[in-house]
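Those protein sequences? They're chains A and B, same order as listed. Numbering-wise, the working numbering comes out as the position in the first sequence, counting from 1, plus 239. Numbering-wise, the working numbering comes out as the position in the second sequence, counting from 1, plus 239.
Please note that a few of the clues may not be correct.
[To be verified] Listed below are the simulated DSSO-like cross-link pairs for lysine-lysine, each with C-alpha atoms no more than 27 Å apart in a straight line: (1) A/K544 <-> B/K332; (2) B/K537 <-> A/K355; (3) B/K537 <-> B/K275; (4) A/K264 <-> A/K332; (5) B/K355 <-> B/K332; (6) A/K264 <-> A/K544; (7) A/K264 <-> B/K275; (8) A/K537 <-> A/K438; (9) A/K544 <-> A/K275; (10) A/K537 <-> B/K355; (11) B/K275 <-> A/K332; (12) A/K332 <-> A/K355; (13) B/K538 <-> B/K438; (14) B/K275 <-> B/K544; (15) A/K538 <-> A/K438; (16) B/K275 <-> B/K538; (17) A/K537 <-> A/K275; (18) B/K264 <-> B/K438; (19) B/K264 <-> B/K355; (20) B/K537 <-> B/K438; (21) B/K537 <-> A/K544; (22) B/K544 <-> B/K264; (23) B/K275 <-> A/K355; (24) B/K264 <-> B/K332; (25) B/K355 <-> A/K332; (26) A/K355 <-> B/K544; (27) B/K544 <-> A/K275; (28) B/K538 <-> A/K275; (29) B/K544 <-> A/K264; (30) B/K264 <-> A/K264; (31) A/K264 <-> A/K355; (32) B/K544 <-> B/K438; (33) A/K538 <-> A/K275; (34) A/K438 <-> A/K264; (35) B/K264 <-> A/K544; (36) A/K275 <-> B/K438; (37) A/K544 <-> A/K438.
Don't read these hints as lab results, they were simulated from the structure.
2 protein chains.
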Amino acid sequence: MIKLDPPSVDDVYAARERIRSFVIKTPILESPHLNKQLNGRLLVKAEPLQKSGSFKFRGALNTLLQLSNTERDSGVIAYSSGNHAQGVALAAKILGIRATILMPTDAPVIKVENTKSYGAEVVHFDRYTESREEIGERLCQERGSVLVKPYDDARVIAGQGTVGLEINEQLAEIGVTPDLAIVPCGGGGLISGVSLALKSVTSNLSIYSAEPEHYDDTAMSLTAGEIVSVDPNQASICDALLAPQPGNLTFPINRSLLSGGLVVDEDEVRNAVREAFSRLKLVVEPGGAVALAAALSKKIDVAGKTVVVVCSGGNIDQALFANILTP
Amino acid sequence: MIKLDPPSVDDVYAARERIRSFVIKTPILESPHLNKQLNGRLLVKAEPLQKSGSFKFRGALNTLLQLSNTERDSGVIAYSSGNHAQGVALAAKILGIRATILMPTDAPVIKVENTKSYGAEVVHFDRYTESREEIGERLCQERGSVLVKPYDDARVIAGQGTVGLEINEQLAEIGVTPDLAIVPCGGGGLISGVSLALKSVTSNLSIYSAEPEHYDDTAMSLTAGEIVSVDPNQASICDALLAPQPGNLTFPINRSLLSGGLVVDEDEVRNAVREAFSRLKLVVEPGGAVALAAALSKKIDVAGKTVVVVCSGGNIDQALFANILTP
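With these hints in hand, go ahead and build the complete structure from the sequences.
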């Protein structure tokens, strides 16, 4: 495995040009009801509307577009509970690259089906008893394929950071300077890339990570000043955010740029999914809704402030969504 | 009541400039799954993401921005099952105008609550036994207020047509020329305005209206070559599309520009709502999904073609949405 240097904001700008023609510039949504609830201004970057249903398509595409012809021919491998899987599978399909995806046996059905429908081969593993990293490394060796890591890769972080560059552009268009940003955090790829982008334009912006209860490893690590792990064997409705510790590449960036970490419980997440449905007409999966949940449950004081929140994905099974809508 | 001349495409362009800073330029969404289903290319204009949850905000705003100071001071009145109500109420709130909205007693709860939350006074009527037009006229006379009609007003049609101008711009950006467009149709305000806009750029485009069963008055009128009414006392899941006949201003435009009318049944609408949920991450109400339903159920052959479909609104009660997701 090649150890990559951390990305710079220039890498994020380069990623933006590289992937521009493939991605949807997702809108920023706003609701008078939500603004009233918060007594502030809430601007929601709607990444569920991205191709593959989450921001993960950006980082996957930025990585695959930088592979050599030899690497492309040998195919790619990724491990993921689902959104990275779909992002890599769709990017590989578009570029004509063979993809093999390792997914846990308890991944949401929609994520497995979508990954397969993009033409990828899906290999299942038990996330409680098997190491996806080990299986991934073995498959890479057996097949000579390239591993596309979910967050600890400068190309992936730079790709996810294009979300932040779009936010910069979109806020400039409406003449708004944000006071705060809250971004969902699993391994930290999205928030580290977004923070590089946002801070390059608004240096005094405060950025907070949002995580679900039991998986607040980034919040704890930020407090400790070093990487701290959580028990990875806990159940959570936020299947997209189950990384047990911050990444080796992402954490130094986040430690340098974030103001702190916010943590939300399941009821707060469910409420955020309902508010996104009724106020924004946006389908958001639980893991994608943690930053919105943190804002709506006022984990930090946003009164009188302009807050940018990223909703990061919308790949949720019908039955769970229906369940959340009928509490 | 002043009889207004029909709008021209220049009125639509003027509306675009007038309302530009207030509206969301809603994205065009696309799904590889839906393209595969249709063996064509489906581009979905996502108006549920518009402020107030539907395109109706555009026409309401374009109208209110053209009122005289005296008219503004006397307040506005509108009758609506809900989306026009919310559009007028929000536009009035933004401009500091008093709004009174007539709504049927069986309007969806979310639409009534949202209308009230925008600060409008809501007056209820029974749509099976009372005439909203008569109550509206009476209230206008009593209060000296201005009636904002839901579709038969050139300012409203021009405002809705800005959806079409945005589609023109967005397709030009990705270098696409559409073969077909399908647009939901109640009284015909949206489709007449959109058709003016689309045909001004792509004159050989074929445009079809989409209506729910029992409310296919535009399809029948297009076939007959004159305005035909349906029985207005039939139940439909598509509460936004219950106009019993085409408008006097909208029908001549539609007769001149449309290629025909498509009709979908309730199962097809429910399926379209589910597909928008799972493939586009978009919340679409039944009436807003009829054009998508017409495409997905292949009411017209779209194989090998590029089809633009407008999803027009997303104001649906939680319980109904949950019901549709668990068939």
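Checked hints:
1. A/K544 <-> B/K332: Holds, at roughly 21 Å.
2. B/K537 <-> A/K355: This hinted pair holds, its Cα atoms lying about 25 Å apart.
3. B/K537 <-> B/K275: holds (13 Å)
4. A/K264 <-> A/K332: holds (20 Å)
5. B/K355 <-> B/K332: Roughly 11 Å between the alpha carbons, so the hint for B/K355 and B/K332 holds.
6. A/K264 <-> A/K544: The hint holds at about 25 Å.
7. A/K264 <-> B/K275: Judged against 27 Å, a Cα distance of about 23 Å means the pair holds.
8. A/K537 <-> A/K438: The hint holds at about 23 Å.
9. A/K544 <-> A/K275: holds (12 Å)
10. A/K537 <-> B/K355: holds (25 Å)
11. B/K275 <-> A/K332: Judged against 27 Å, a Cα distance of about 13 Å means the pair holds.
12. A/K332 <-> A/K355: Holds. A/K332 to A/K355 sits at ~11 Å (cutoff 27 Å).
13. B/K538 <-> B/K438: holds (22 Å)
14. B/K275 <-> B/K544: Answer holds: B/K275 to B/K544 is near 12 Å, not above 27 Å.
15. A/K538 <-> A/K438: Holds, at roughly 22 Å.
16. B/K275 <-> B/K538: holds (17 Å)
17. A/K537 <-> A/K275: Given that 27 Å is the threshold and the Cα spacing comes to 13 Å, the pair holds.
18. B/K264 <-> B/K438: It holds: about 20 Å lies between the C-alpha atoms, which stays within 27 Å.
19. B/K264 <-> B/K355: holds (25 Å)
20. B/K537 <-> B/K438: holds (23 Å)
21. B/K537 <-> A/K544: violated (48 Å)
22. B/K544 <-> B/K264: holds (25 Å)
23. B/K275 <-> A/K355: holds (14 Å)
24. B/K264 <-> B/K332: Judged against 27 Å, a Cα distance of about 20 Å means the pair holds.
25. B/K355 <-> A/K332: The hint is violated at about 48 Å.
26. A/K355 <-> B/K544: holds (26 Å)
27. B/K544 <-> A/K275: violated (44 Å)
28. B/K538 <-> A/K275: violated (43 Å)
29. B/K544 <-> A/K264: Holds, because 24 Å separates the two Cα atoms, which is no more than 27 Å.
30. B/K264 <-> A/K264: Holds, because 11 Å separates the two Cα atoms, which is no more than 27 Å.
31. A/K264 <-> A/K355: Holds: A/K264 and A/K355 sit about 25 Å apart, inside 27 Å.
32. B/K544 <-> B/K438: holds (17 Å)
33. A/K538 <-> A/K275: Status holds; Cα separation ~17 Å.
34. A/K438 <-> A/K264: It holds: about 20 Å lies between the C-alpha atoms, which stays within 27 Å.
35. B/K264 <-> A/K544: Since the Cα atoms of B/K264 and A/K544 sit roughly 24 Å apart, the hinted pair holds (cutoff 27 Å).
36. A/K275 <-> B/K438: violated (40 Å)
37. A/K544 <-> A/K438: holds (17 Å)
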